[in-house]
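2 protein chains.
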Amino acid sequence: MNQHISFIDKGTITSAKGFQAGATFAGMKTFAPEKYDLGIVCSTRPCTCAGAFTQNEVRSFSIRITEENVRKGNLRAVVANSGIANAVVGDPGRKDALEMARLAAQHLGLQPDQMGVLSTGLIGVELPMALIRSALPKIKLTETGGPQFARCIMTTDTAPKEAAVAYPSSQRTITIGGVAKGSGMIHPDMATMLSVLGTDAAVEAGFLRQALKSAVDRSFNMISVDGDTSTNDTVLLLANGAAGGPAIAAGSPEAALFQEALDQLCLHLAKAIVRDGEGASKLFEVRVEGARSQAEARMAARTISNSNLVRTAVHGNDPNWGRIVAALGRSGARVEEERLSLYVNDVCIMEGGLPIPFFKDAVIQQMRQPEVTFRVHLGLGDAVATAWGCNLSEAYVTFNSAYTT
Amino acid sequence: MNQHISFIDKGTITSAKGFQAGATFAGMKTFAPEKYDLGIVCSTRPCTCAGAFTQNEVRSFSIRITEENVRKGNLRAVVANSGIANAVVGDPGRKDALEMARLAAQHLGLQPDQMGVLSTGLIGVELPMALIRSALPKIKLTETGGPQFARCIMTTDTAPKEAAVAYPSSQRTITIGGVAKGSGMIHPDMATMLSVLGTDAAVEAGFLRQALKSAVDRSFNMISVDGDTSTNDTVLLLANGAAGGPAIAAGSPEAALFQEALDQLCLHLAKAIVRDGEGASKLFEVRVEGARSQAEARMAARTISNSNLVRTAVHGNDPNWGRIVAALGRSGARVEEERLSLYVNDVCIMEGGLPIPFFKDAVIQQMRQPEVTFRVHLGLGDAVATAWGCNLSEAYVTFNSAYTT
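Chains as they are written, first to last, in the working numbering: chain U, 1 to 405; chain W, 1 to 405.
In short, the hints are calculated from the structure, not lab data.
Worth double-checking, as some hints may not be accurate.
Because identical chains share one entry, a pair is satisfied inside a single copy or across any pair of copies.
Said to hold, decoys possible - In silico EDC-like links for lysine to aspartate or glutamate, alpha-carbon gap of 20 Å or less:
| id | residue 1 | residue 2 |
| --- | --- | --- |
| 1 | Lys35 | Glu371 |
| 2 | Lys95 | Asp113 |
| 3 | Lys35 | Glu57 |
| 4 | Lys72 | Asp346 |
| 5 | Lys95 | Glu336 |
| 6 | Lys213 | Asp91 |
| 7 | Lys10 | Glu143 |
Bound conformation, chain U alone (with noise of 0.2 Å):
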């Protein structure tokens, strides 16, 4: 990391400045009443917005919304529920979302079109919009609030994921902060990974675009708690120049800067989602290196960090490294045997394609370890690319099947 960037002490995405949210609760939430679940996080001034949305075919009208206003470049508002996926209701969904854009750019003096909608839980349960129309007025806007938002997009979430970077640059320090909530899934359907990040930089919105989509590849899409890709994944990023200075360009050194901050800033969110996973208690990292191609590397990483088999040894302390080669063949990754090295925690296992004699004891030992890395590399090129996964765990089968009987 580079020494100048510094996460901030209780950072949260109202550290970046001239960025107000808050929070209230309106009543979706029937497995955990006494919290918030509905908020908004604006900009007090104009930006530059950037997002990425589910590539799942069946997609929420909320975000569905959210995306047409991105693409506008209009985005400078966020108003988000939980409980509700608001997903695969029919056209009453899309009214809903409109509305609640409607009813949050009434409160702040803003346009529906610079709002951006985000909603998560439940699949196939229309918005209870007679609530939401009750108390989304009550929500008081500060710039201390992002707590309060971090809190209203949790769901089954035990934690709130929350963190701000800053680093100076020229006479100014550019802030990025960011919220995210991950999945829990003790409700079903709620396999909702959402994000909102803003910065007091002012960024180009050329630019702000490509360092989001770089930042979410080697972040948020490296993660996995089980493979099921929902139908609200949304991540927002808006920047608001407050921190003054010209706008940050795509080439300049300040944009490589701001880009390694938003790095850090995503991986952090990213690695607290999976660490955080329904029924994990571990994280570990799998690091693929010597791929012929960064595709290559990127799906052989993913499919490790994502093998049931290989998830129940990390939850065993197993240095079970024959599910690890079965995981990486199978990934369409080029894989050639006698090129393979394998190491756990910098402890090498396998070099050449064979095993090599370790101490079995030692390794467990290393497994034991919170967090574990598998690193993998495969002799054919230069490409290299991580993921990260967590145990799977009894507790997530006992969660994910002990819902209706």
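Starting from the known structure of chain U, fit chain W onto it as the hints suggest.
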């Protein structure tokens, strides 16, 4: 099912005329030392052959030799061991597989390149050739030895998988018999599926290959226990013509009947594997209809049947259709939400993209059956595909994580 095709009582690979089999105990299955672990099945007459092999980039040496002999069209017998996969062991793996073929050929009075070699078990461990050398000559082949062979390929399977179908054809009865093993994975890296099929029909080699590919694509390739493809998956089919009559050629009425009988047998064995999946107590079927193409129907059916969230819902008898729709949406198949319909055992729970209010207890009752069918209609075309999966249980996690520690 065609009324002329019937399953034979206690059918197995040696139900087809002109096949002999036998097995012995060499000492490779330390987790079940009292069981057969080395066996042979052999056609007593020349035959045509076809094979289907794992697509994993990392492959057992046993497979590579078998595939080569199938490609040459030479295969007439198969020697198989369980307990050790002969995978990821470097060059000794090649030498050992060749020696197994040589020893078995000698025992049978055949040439080594007429042998297939199948191995299933631990990855990364060398075959104990001293044990195999002394045990192999003890194998006694008989025309009733099929059940012995079915047992010698078992690893953590709780029951042998064997069956045979027969149908009349002109003056003759054609029989196709087969054995298979599934993936228990109590012991790690045993995720191996093997099947050997034999028929006394005379079948032209080109059509035999085509028929096996077609049958495997609809059966073994449509099941999933945990999404992890093994390094050793193999299906072999030998056709020796012992029933008499001219060779079956593509495009004939005899070919269609043979195909259907082969499909039925493969489907029966494939479903037996899923039903005996590690930790599984329940088989479920996912039938996708109305897809734009066969490829999309297959992707959709397989993605749903392999989703951890769908599998835990089945485990909990939870009619949680949101998870099915979310898995469908990420499958890669084209989906238009407003055309979707969904049925649980013929009870419609969603139509035109909208949930239908259903009496939940009645659907839970449906889900409690030992076999459950989810039928998804995409409303976009005519393509249909069916896949099979099993419930994901706490026992699966416990078995697969409780190995070394």
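Against the structure, the hints come out as follows:
no.	hint	in the structure
1	Lys35 x Glu371	neither (30 Å within a copy, 40 Å between copies)
2	Lys95 x Asp113	within (14 Å within a copy, 69 Å between copies)
3	Lys35 x Glu57	neither (31 Å within a copy, 49 Å between copies)
4	Lys72 x Asp346	neither (47 Å within a copy, 44 Å between copies)
5	Lys95 x Glu336	between (54 Å within a copy, 19 Å between copies)
6	Lys213 x Asp91	neither (30 Å within a copy, 44 Å between copies)
7	Lys10 x Glu143	within (14 Å within a copy, 76 Å between copies)
Hint compliance for this structure: hints 1, 3, 4 and 6 are broken, all remaining hints hold.
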